[in-house]
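2 protein chains.
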Amino acid sequence: MCEANAYIKRDGHETLVMEGVFVLRPEGDKVLLENIFGEQKLVKAEIGQISLMEHKIILNPTF
Amino acid sequence: MCEANAYIKRDGHETLVMEGVFVLRPEGDKVLLENIFGEQKLVKAEIGQISLMEHKIILNPTF
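So the sequence lines, in the order shown, correspond to chains A and B.
Take the first sequence: its letters are residues 51 to 113, numbered as in the working numbering.
Take the second sequence: its letters are residues 51 to 113, numbered as in the working numbering.
Mixed in with the good hints there might be a few duds.
What the hints assert, rightly or not - Capping the alpha-carbon separation at 16 angstroms, the derived lysine to aspartate or glutamate pairs in EDC-like fashion look like this:
1. Lys94(B) - Glu53(B)
2. Lys94(B) - Glu104(B)
3. Lys94(B) - Glu84(B)
4. Lys91(A) - Asp79(A)
5. Lys94(A) - Asp79(A)
6. Lys106(A) - Glu53(B)
7. Lys106(A) - Asp79(A)
8. Lys91(B) - Glu104(B)
9. Lys59(A) - Glu96(A)
10. Lys106(A) - Glu64(B)
11. Lys91(A) - Glu104(A)
12. Lys106(B) - Glu84(A)
13. Lys106(B) - Glu64(B)
14. Lys106(B) - Asp79(B)
15. Lys80(A) - Glu96(B)
16. Lys106(A) - Glu84(A)
17. Lys80(B) - Glu64(A)
18. Lys106(B) - Asp79(A)
Source of the hints: derived by calculation from the structure; they are not laboratory data.
The structure presented is a predicted model; accordingly, all values stated were derived computationally and were not measured.
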């Protein structure tokens, strides 16, 4: 499987937002995440970096 | 391996930009792509959608 975990980065700390993400779509000042369990989450953030090698998505909060 | 192919979408047509991408990082109105061969590409685009299930990254050109 090729999914990744999404973290939001605030003040240098990374907090897990969603595990098993396999779809990401920026929507204005939010990012839509969808995971392998069929859950969706709309996070007020932008994509900071995605590393498919580490299976890691870093989101930066938008204000 | 968990890398994806990146395509740019213009007028409904998808053109392959880079194969084997494993790092993506938005940088202003560009997106930095890095692949498993150590190549980097800075594309004048924003992330449209990423589907890790299909191993597919869709970029939309910025103007």
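Numbers of the earlier hints that this structure fails to satisfy, in rising order: 1, 2, 7, 8, 10, 11, 14, 17, 18
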